[in-house]
Each structure stands twice: as C-alpha cells, then as structure tokens.
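Put chain B on the given structure of chain A with help from the hints.
Number of protein chains: 2
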Amino acid sequence: MAAKKYFTPLQEVYRFVTEAMMAAGTPELYAQNMAEVLVSADRRGHTSHGLNRLGIYVAEVLNGTTDPCTTPTIIQDKGAVALVDGNNGLGPVVGNICMDLAMEKAKQMGVGWIAARGSNHYGMAGWYSMRAADKGFVGITCSNSSPLAVPHRGKKAVLGTNPISVAAPGNNDSFVLDMATTAVSLGKIDIQRAENAKIPAGWAQDFEGKETTNSDTAMIAGCLIPLGRTEETSGYKGTGLALMVEILCGILSGANYGPFIKKLKSTTGPANLGQSFIALDPSAFAPHFEDRLSHLLEVIRTSQPVDPTKPILVAGDPERIHMSQVTCRGGLLYHHGLIRSLLKLAMDLQINPLQCKPLSSC
Amino acid sequence: MAAKKYFTPLQEVYRFVTEAMMAAGTPELYAQNMAEVLVSADRRGHTSHGLNRLGIYVAEVLNGTTDPCTTPTIIQDKGAVALVDGNNGLGPVVGNICMDLAMEKAKQMGVGWIAARGSNHYGMAGWYSMRAADKGFVGITCSNSSPLAVPHRGKKAVLGTNPISVAAPGNNDSFVLDMATTAVSLGKIDIQRAENAKIPAGWAQDFEGKETTNSDTAMIAGCLIPLGRTEETSGYKGTGLALMVEILCGILSGANYGPFIKKLKSTTGPANLGQSFIALDPSAFAPHFEDRLSHLLEVIRTSQPVDPTKPILVAGDPERIHMSQVTCRGGLLYHHGLIRSLLKLAMDLQINPLQCKPLSSC
Numbered sequence: 001m002a003a004k005k006y007f008t009p010l011q012e013v014y015r016f017v018t019e020a021m022m023a024a025g026t027p028e029l030y031a032q033n034m035a036e037v038l039v040s041a042d043r044r045g046h047t048s049h050g051l052n053r054l055g056i057y058v059a060e061v062l063n064g065t066t067d068p069c070t071t072p073t074i075i076q077d078k079g080a081v082a083l084v085d086g087n088n089g090l091g092p093v094v095g096n097i098c099m100d101l102a103m104e105k106a107k108q109m110g111v112g113w114i115a116a117r118g119s120n121h122y123g124m125a126g127w128y129s130m131r132a133a134d135k136g137f138v139g140i141t142c143s144n145s146s147p148l149a150v151p152h153r154g155k156k157a158v159l160g161t162n163p164i165s166v167a168a169p170g171n172n173d174s175f176v177l178d179m180a181t182t183a184v185s186l187g188k189i190d191i192q193r194a195e196n197a198k199i200p201a202g203w204a205q206d207f208e209g210k211e212t213t214n215s216d217t218a219m220i221a222g223c224l225i226p227l228g229r230t231e232e233t234s235g236y237k238g239t240g241l242a243l244m245v246e247i248l249c250g251i252l253s254g255a256n257y258g259p260f261i262k263k264l265k266s267t268t269g270p271a272n273l274g275q276s277f278i279a280l281d282p283s284a285f286a287p288h289f290e291d292r293l294s295h296l297l298e299v300i301r302t303s304q305p306v307d308p309t310k311p312i313l314v315a316g317d318p319e320r321i322h323m324s325q326v327t328c329r330g331g332l333l334y335h336h337g338l339i340r341s342l343l344k345l346a347m348d349l350q351i352n353p354l355q356c357k358p359l360s361s362c
Numbered sequence: 001m002a003a004k005k006y007f008t009p010l011q012e013v014y015r016f017v018t019e020a021m022m023a024a025g026t027p028e029l030y031a032q033n034m035a036e037v038l039v040s041a042d043r044r045g046h047t048s049h050g051l052n053r054l055g056i057y058v059a060e061v062l063n064g065t066t067d068p069c070t071t072p073t074i075i076q077d078k079g080a081v082a083l084v085d086g087n088n089g090l091g092p093v094v095g096n097i098c099m100d101l102a103m104e105k106a107k108q109m110g111v112g113w114i115a116a117r118g119s120n121h122y123g124m125a126g127w128y129s130m131r132a133a134d135k136g137f138v139g140i141t142c143s144n145s146s147p148l149a150v151p152h153r154g155k156k157a158v159l160g161t162n163p164i165s166v167a168a169p170g171n172n173d174s175f176v177l178d179m180a181t182t183a184v185s186l187g188k189i190d191i192q193r194a195e196n197a198k199i200p201a202g203w204a205q206d207f208e209g210k211e212t213t214n215s216d217t218a219m220i221a222g223c224l225i226p227l228g229r230t231e232e233t234s235g236y237k238g239t240g241l242a243l244m245v246e247i248l249c250g251i252l253s254g255a256n257y258g259p260f261i262k263k264l265k266s267t268t269g270p271a272n273l274g275q276s277f278i279a280l281d282p283s284a285f286a287p288h289f290e291d292r293l294s295h296l297l298e299v300i301r302t303s304q305p306v307d308p309t310k311p312i313l314v315a316g317d318p319e320r321i322h323m324s325q326v327t328c329r330g331g332l333l334y335h336h337g338l339i340r341s342l343l344k345l346a347m348d349l350q351i352n353p354l355q356c357k358p359l360s361s362c
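Chains A and B, in that order, give the protein sequences. Each residue of the first sequence is one higher than the one before, counting from 1 in the numbering used here. Each residue of the second sequence is one higher than the one before, counting from 1 in the numbering used here.
Derived from the structure by calculation, the hints contain no laboratory data. One thing to keep in mind: the hints can contain errors.
Stretches of chain A that chain B covers, calculated by requiring three or more beta carbons in the stretch to come under 8 Å of a beta carbon on chain B [unchecked claim]:
#, stretch
1, 24–37
2, 85–97
3, 130–136
4, 321–331
Sample of chain B residues facing chain A (criterion: CB under 7 Å; computed from the structure) [stated by the list, open to error]:
#, residue
5, G110
6, G154
7, A197
8, P200
9, T233
10, S234
11, A286
Note that the Cβ used here is the ideal one computed from N, Cα and C, for glycine as well.
Here chain A stands alone, though its shape is the one from the complex:
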C-alpha cells in the first residue's frame, strides 16, 4: 500500500527551510542558499536530496558539526585555478561561491577549476553545474561523501557515493547529468523502505558482502554497490569513477577522503569534505556549441527505442518531466513520515510548521 502523501507549494517549502535554518542560527542569506538547493532538488524529483535532508543540516548546525555563519576563504589562487577553504561552512554556501569563482576565471581564461576543502554536504550536485550552464558555461562538479559504497570486490563501505554532475546549455534545452557513482544513492533505498518495498538486486550488499533485495538490510548495512555491478559487467568501472571523484575532491584539495570521512549523521567532528567546481566557456572553443548540443540531444531522443512505450531520454529529461508535473500540480508532494518529522522539527525550532494538505490518493 502506498503511503499517504501531502501537498505543499514550492514557496512554502522555501519559507520553511529558510526559517528552520535561521532558527538554528544561520544568517538569512545562507539559509536562503540552502532553501534554493533543497527546493530545486524536490522540484527536479531528486527527493533524496531535498526537504528530507533538512533535519540533518539543522542538526549539524545545532550540534556544532557545521558552522552556519562562516565564509569560505581563497587560500591559493593561480591563473585558472584556486583552492578554497570552506572553513566548515554550509555546503551550498561553499558551492555557490566556488562555482561563481570558476565562472569568473572561465570568462578570462576559458576554464576555471576550483577545489574546495573544509566543505560540507552540498545537496544536489546538479545545482552547481546548472548554475554554470544557466550562464552559458559547461558546468562540472563532483564531491566526495560519507563512506557508503563498497569498492568492487569489497565487503566494507570505504568510499562515498561520490556524485558527479555535468550540465551544458543548448537552445531552449540542456544536458544535466547528475549521478552517484554507485548504482543508486542511499536515498533511493530509503524511499523503497518507506514503502515497505524490496530493492532490485544490484543496489546493495549485506554485511557479508552478498547482494540483498531487503531494503531494511540494505539501509542498516549501508554498503552500496558501484555502478556496473559485477565483475563481468565491469563493476570496477563504478569504483574507478568513485576514486576519480575522490582524487579530484579529497586528494586534490587536502580534505578528508575515503573511509576517513565521518559517517552520515555522525557528530564526531567536521565532515571536511572535498569538492571540485569547473566552468568551461564553450565560446572559447568552436562557435555554435548550443546548436550542436541541441541537435545531438534530439538525435538521441528520437533514435529508435527497443520498447516504443519507453522512449529514449537524455540526462535531464526525467527531471524536466518531473518539473512539468510539479508545475501542473502547483507544488510538491511529501510522504507522511517526512511531514511528521518536520512537524517535530518545527516544534523544536519554534517556527511555523510546514503548511500542507493531505491528498486522498496519489
């Protein structure tokens, strides 16, 4: 049985996140930075990176794991690159500043590459790549993250889901890849568990290193399987991509890395995550980039599908479909469990609860 859902307008989610972060001690501008990223994630259908994460961010501010007031510092700057220390600030604050700096450099030098350390979970990676693509750049970002993935052949979670996002502008179109380097993120498993559903084989292992289809076991073990799955179907490539991200994040910036990053929800100290932010100016290369990109995307979309009822989509299309649905509906839908936990959060923080209404069916 599908769990009961609740409807709320986008603006109300934005209001609630901003007030919650402010009540926890975050300056208004930074609270708004956080609200923009979370609302965007839910609007795009990345519900594992939206309002459901607010409780974690608030807790990290309240228990001092994250400093909500600090501003990042540029500690090294050379030509087209810079190293930024996030000073343990909020991920979206660090991320926005870094991608803006990358774009400044790209305007001058064709490309800008900023590595950040001392950062925190920055939400949906696509937020930052799209920030660049919206201004005509190819935007690329990746982040290391709390250990949740086994390396190929491995039993223990010693790598993060280490997402990578690439966004590029077309003509009234865009490419937005935003992917964990595991088969799926933990959030997708959590959604299955919330609905008492099994997970497909290939998503997670149990503590013994065997694939599991039990969503409870998967959540408790926290051992996600790299993209590619088995040896025969090149699971080592998923681990290779996760390590590539780790090298461009933790190793490049001097942040924490691999199993030395604190576990999710742990309050043992700062996460000290590493991230990379790259902006590339297509106009510094061949003219008419947008035309070619739009053409390529259309050619792929209109290529013959195996099953005519399942058309070919390019990265960003599922999110566009979800955003249309949100626009038609006039707002977002949330599960009963999340609404209940947000009600408690509002009481704890003494702010107005999220205004929402139950839907009889979804």
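Frame of chain A, contents of chain B only:
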C-alpha cells in the same frame, strides 16, 4: 580449445609498427608515435588497442582516410584553453601535441584544457593521461568514436564507446582509469569470438534490441550496452557518461558527433573525431598530493574483500600485473589469427614480417 599463441619481444613489435606505418607513407617520427601507443597498449594488456589495430591504421593511411604527414594547427588560443585542428592527422600525433600543450598551460595557469577536432582514433586513451601523470600532472582525456553503443532503452548504435581516462601520480604508484562508457569495448567481444566463446549477458544487444550471449551476433550487430546495463541498475548513467564525453569532444570542438561519425573501417571520408585533453597541476592546489593519493590507493587495496582469493584492485593495478608478466616473459603474446594477418600485411607493404615464435601452450 585455446587458440595457439606466438611470442615476440616488445622491441620487435615497435620495429614492425614503425616500419609498417612508414611503408604506408608515414614520416618516421609519426610512425614512432603510433608504435609507442600500440606497444604500450599490448604491454598493459589492453590488447583491443594494440597491434591488432595496426591493419586498420595502415589501411586508413593507404586509402587516404587519414593524412599521415600533416601537423595539427592551433586555431584558437585563450588563456588556459585552446582549440586544435588535427587536420585529419594520425590520432597519436594529434593527441601527443594536445596533451603537451595542455601541460604547458597547466604549468602557467594550474590547468590546461585542449579540445581537438579533425582527429582520428588515438589508440588507448590512457596513453595521453599517463603522459601527463608521468610529469606530475593529473591527466584527463576522452574521445568520441564510431557509433557502436546503443543509448539506454535504444535499439540502434548511435553513440561511440566514448572512452575516458584519468591518470594521477602517487609515490611510486599511480591511478590510471581507462574505460569505455559501455560495459566493455568491442575488442573484448572480438577476443571472445576468436576463442569461439560466448559473451556474458550485459555486453551487447542483437539487432532486435535483446541482450545476446552469442559473440558472433554481438560482433555483427555492433550494439554495445552502456555501463550500468538495465533500467534498475542505472544503464542510463552509462549513456549519460557517453554523452558527457561526446559533449566534451565532438560538441565542444566542432568535430563530427554521435551517429554522424563514420563507421569503423568505413572509408567514406575522414573520421573527424573530437577529443579533449586536460592537464591539472596538483601543486597549484594543496601540497603533498602524491602522498595522499598513495595512501588512498593503499587503503582501498587493503580493504576487506568478499572473496579472499579476489583482492581489491584500483584502476591501473590489472595493467601493472600484466606488465610484470610481460617483463618476466620478456615480450608479448599474440593469437595465431593476428600473426597470420600481420604476415599478409608485411607482404603487402614489402617489409620484414614480425619476428615471433610459437608457444606450445599458453
């Protein structure tokens, strides 16, 4: 029954490739460029990108599809980036010049990003990333390629295997990711076919869009499956990565792209491939990059495996193992079928045949 194999020293392969390319009309230096890449691929165990490809490269020179004498031109240069026209030259000639230019820029500006068009198949992508890593940079390269991959949900091959390689230097260690964005490259299927063996499910589709385990069918259809395989295990991510490569190659540089690239072995005209070459100077970021990288790699390698007989490897380890075997053995092993085709090539080009001796068993 395993096919009969032949042994030959590295130096002899280098001699043979150089002479074959020169006999086809390639200047000595450029012929040597080609020989270095092919010998390196076979030495590393990437046998799908070694001597077995020589016949194709020679044919492309002889039939005028590739211009073996031309030199690439820088057609746009701005700060840390440049656009290079390969002028339809040999892939390794274009690739070496572009990665060297990227390193020059990285020395000055922390990063260099070169996009090339008018290029040809450049062999093993890892050659170029390692060229940068050997000099202390993080090297990244990717290339588009002849259509051989279906997009996720698709029936037709409209994308290339679009490889990406990332190499980074450690202390007496390195990370070398070199991967097609399909589950496997066509070469791996060809190797199975040469041994009359089936292929694992998840590598290729037949003309109807069904997965096939028949290596003949797979070679004839030429429809490779993206990394991730099914919808449930995120096959769309493999397609997303292939499109990312296409955007950073064909779209960025103004080269051919997607299904508009000529088919493998077609002589209808220049391939006009697009490629990107990126060098990143880790010393422009946080000090002690190599120490951290070596530590990370050791932590992953020594993490607990599911099966103690299958230790965890990082990208570059399988190649290191293969190179040790080559060193012990004193040279390379080739299948009877390849040796036979090279004998014919030597006769056609009127050069000394590859000197090799049969092994009684392998």
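Do the hints match the structure? See the list:
{"no.": "1", "hint": "24–37", "result": "violated (count 0)"}
{"no.": "2", "hint": "85–97", "result": "violated (count 0)"}
{"no.": "3", "hint": "130–136", "result": "violated (count 0)"}
{"no.": "4", "hint": "321–331", "result": "violated (count 0)"}
{"no.": "5", "hint": "G110", "result": "3 Å, holds"}
{"no.": "6", "hint": "G154", "result": "5 Å, holds"}
{"no.": "7", "hint": "A197", "result": "13 Å, violated"}
{"no.": "8", "hint": "P200", "result": "4 Å, holds"}
{"no.": "9", "hint": "T233", "result": "4 Å, holds"}
{"no.": "10", "hint": "S234", "result": "5 Å, holds"}
{"no.": "11", "hint": "A286", "result": "3 Å, holds"}
Hints 1, 2, 3, 4, 7 from the earlier list are contradicted by this structure; the remaining hints agree with it.
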